[in-house]
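All chains, full assembly: derive it from the sequences and hints.
There are 2 protein chains.
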Amino acid sequence: MSQIQDKKPAQGETGRSGNYQPVNLSLQAAGDSRGKRPKAYAQVAQSIRRQVLTGGLAKGERLPPERELADAFGVSRMVVREAIRALESDGLLQVRPGAGGGSFVTHDFDKPLGASINNLLAGGAITLDNLFELRLMLEAPAAAMAAVRGRRADIEDLARVVEQADDLADDSEALRAANLEFHRRLVALAGNPLLSSLCETVLAILVKSLQGRLNVELSRRVLEYHHHIVGALLERRAEDARRLTAQDLEQLHQRYNKMGIRVDVNPEAAAPAAGGREIS
Amino acid sequence: MSQIQDKKPAQGETGRSGNYQPVNLSLQAAGDSRGKRPKAYAQVAQSIRRQVLTGGLAKGERLPPERELADAFGVSRMVVREAIRALESDGLLQVRPGAGGGSFVTHDFDKPLGASINNLLAGGAITLDNLFELRLMLEAPAAAMAAVRGRRADIEDLARVVEQADDLADDSEALRAANLEFHRRLVALAGNPLLSSLCETVLAILVKSLQGRLNVELSRRVLEYHHHIVGALLERRAEDARRLTAQDLEQLHQRYNKMGIRVDVNPEAAAPAAGGREIS
DNA sequence: ATATATATAATGGTTAGACCAAAGGTTAGA
DNA sequence: TCTAACCTTTGGTCTAACCATTATATATAT
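So the protein sequences, as listed, match chains A and B.
Under the numbering used here, the first residue of the first sequence is numbered 1, with each subsequent residue one higher.
Under the numbering used here, the first residue of the second sequence is numbered 1, with each subsequent residue one higher.
To be clear, the hints were calculated from the coordinates, so they are not data collected in a lab.
No incorrect hints appear here.
Identical copies look the same in the list; a pair holds intra-copy or inter-copy alike.
Okay, derived cross-link-like pairs now, SDA-like style, lysine to any residue, Cα gap no bigger than 20 angstroms in a straight line: (1) Lys39 with Ala72; (2) Lys39 with Gly98; (3) Lys39 with Phe104; (4) Lys208 with Lys258; (5) Lys39 with Val95; (6) Lys39 with Arg96.
Every value quoted in this text rests on a predicted model; they were computed, and no experiment measured them.
Structure representation (structure tokens):
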């Protein structure tokens, strides 16, 4: 009875238990093609992964409780938990304890993306300069693409973001946030979600290593560029948009280097920082 | 006794057990800063992650067996396993069963990177065109950078790769491999490991969706470009290198589209395909 | 002696059932 | 009506086995 199989639960009188979507459970072999014994947790993970990605389980929906999944898949609860742990790491699930809790479908792919880059940094495989360079390679062309593809209305929204930032001259934190929002939206205008994801991730890491060391003076200087960039976008001057964005980022990069900012090399990757409980 | 603590094992007469590096074990709280109870498996994962990334555990080294880790951390084996599962998903560990087996430190960060992008594709959040576009944005500038930064010797190596490919006119598979190798090395010349990682990942996904549908005619046509690119690199003509690479990739992209190739949208992410065991 | 088969031991993979802890819902009391 | 005590659901953890895989050593046959 080591064979893993799906005991599709009598899909009928579940009247009592669930408010979660009654899920289609089934297992396929997953693992190396080389006749290796497929590991149960890999199969379960694979099965759930498929359901999540093919829309069988919509974003935000809750999976059945671990115990029921274990029953349904015909495996022990631990196998299910290991599968969930892997999926959680992949950014496909988010788990919450307690009564209202459970495993919820999410699409947080930026998380593993960021974790990987963080790991590369922490492991010394890449430098902060590498990150800045990548950002430049992504955002400058993105600005050009935005000038070509961006919808008028969206560009005007972007313009408003910049204008609102003008009024925040005194609030350093808000100004910084507004500038970030600008870059986020600018990249979004390029219309390539993959590009957006990457930029978002890179930006998040860079921002983290800033940690409020960005002074108002620099922020306003940056804002200056943003005005020009918006102008270029509005007039569809792609090459200008590209160049201005590149200058904006290069200037920022130089500031970083002058300030001798080192990356926040906490090997946290996915996990945020310290909780409340002290440990021996 | 719910407190998690490190019972650092008497680091002495382990003469019998280990050929693995005697690891420094210790746990910190990990989790949300908001006084939430830190989950044991997250703490263990965090602790190991730190050791791996800060070099306390070198690449290729083996972790102590799960049972010993559990002892050392003062938790159950299950907690350790869940932690390992997450780290495996992060590309930090690779686990092998059996006698010679164990959990080995690896730095396979391309794996989660690729998994994320695969998930985005499978979930319909991005398209194959988005991928091609990103590749173009990365590789074309990379070629320009290579022309500037690439060491003479490395460029000459690259030239040899192209020349050797000339002799493979008949072997479609080998020719394809040689062309891939060209792009890989080209990007490496740019001297940005992060860029290399990304390109590697994107390329791998694109290649997978090709699956031998690339005919010899197209391969040779591509090879033509490679010759020109190498020429540009040797003479440090950065802009030419950029333009030629862009043309090379755009041509390939158009071919893809004409052939109506759809991405291999198997929600496999990290896990390769079917094993030998049938299920239910 | 060499090669092949077989036992041994180390280690991950899995099971079973129990109990703890968090968090939403319900109900009783003020 | 509001509050506080319970109750239930669900994830988190523990224990103690046993199964499966594989490298290594040992024995056996050639």
